[in-house]
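*Asks:* Sequence:
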Amino acid sequence: MESQLVFLSDLNFNLDVWKRELKFQETEMDYFEEKLEHVAMRNLGSEVMIQLEGFQNKIIREREVMGHLRHRIRMKKRELAQAKFENQPETIFQEKQILLKDEMKTFIKMHYDLKEDMMDFFLKYL
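Okay, so the sequence shown: first residue is -11 according to our numbering, each after it adds one.
Simulated from the structure, these hints should not be mistaken for laboratory data.
Please note that a few of the clues may not be correct.
[As the list claims (entries may be wrong)] The list that follows gives simulated cross-link-like pairs (lysine to any residue, SDA-like), each with its CA atoms no further than 25 Å apart:
#, residue 1, residue 2
1, K103, F12
2, K46, K72
3, K72, R62
[As the list claims (entries may be wrong)] Computed spacing ranges between beta-carbons, pair by pair:
#, residue 1, residue 2, range
4, Y19, R58, 13 to 23 Å
5, E9, Q70, 20 to 30 Å
6, E74, H26, 45 to 55 Å
7, V36, E91, 50 to 60 Å
8, K72, L114, 47 to 57 Å
9, H56, T15, 12 to 22 Å
10, D101, K11, 17 to 27 Å
11, N2, I38, 37 to 47 Å
Predicted model only: the values in this text are computed from it and were never measured.
Glycine included, every Cβ here is placed at the ideal spot set by N, Cα and C.
All chains, full assembly: derive it from the sequences and hints.
*Replies:* Right, here's the structure in full:
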């Protein structure tokens, strides 16, 4: 039983790290939206506005994915809290954790790709 609690604690730690990562990325998106507004105010033409709108759409989609991941993290934390009181096999949690880990890894990669593209855009138009 003690080893299961330690294992569940490790899983809980991962969830907390991912939750903080999502919060940080959301703060970054707020900042990037402000910068997009600065570009929009400069009236640089339709080509730039098309790119700007594309970034805005990607930010909207990224926020939707963040919401989905935060929901998954909350549900996982509930499952882990419940598992402390029930005798559930660790492998079930580990398998589900791996799926969430893969989703987080993919999201983080996509976030940083978008971030790089936006930073290049800002260098060009700010």
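*Asks:* Each of the hints needs a verdict: does it hold here or not?
*Replies:* Tested hints:
{"no.": "1", "hint": "K103 / F12", "result": "holds, 13 Å"}
{"no.": "2", "hint": "K46 / K72", "result": "violated, 39 Å"}
{"no.": "3", "hint": "K72 / R62", "result": "holds, 16 Å"}
{"no.": "4", "hint": "Y19 / R58: 13 to 23 Å", "result": "holds, 19 Å"}
{"no.": "5", "hint": "E9 / Q70: 20 to 30 Å", "result": "holds, 24 Å"}
{"no.": "6", "hint": "E74 / H26: 45 to 55 Å", "result": "holds, 53 Å"}
{"no.": "7", "hint": "V36 / E91: 50 to 60 Å", "result": "violated, 33 Å"}
{"no.": "8", "hint": "K72 / L114: 47 to 57 Å", "result": "holds, 50 Å"}
{"no.": "9", "hint": "H56 / T15: 12 to 22 Å", "result": "holds, 18 Å"}
{"no.": "10", "hint": "D101 / K11: 17 to 27 Å", "result": "holds, 20 Å"}
{"no.": "11", "hint": "N2 / I38: 37 to 47 Å", "result": "holds, 40 Å"}
Violated hints, listed in ascending order, are 2 and 7; each of the other numbered hints is respected by the structure.
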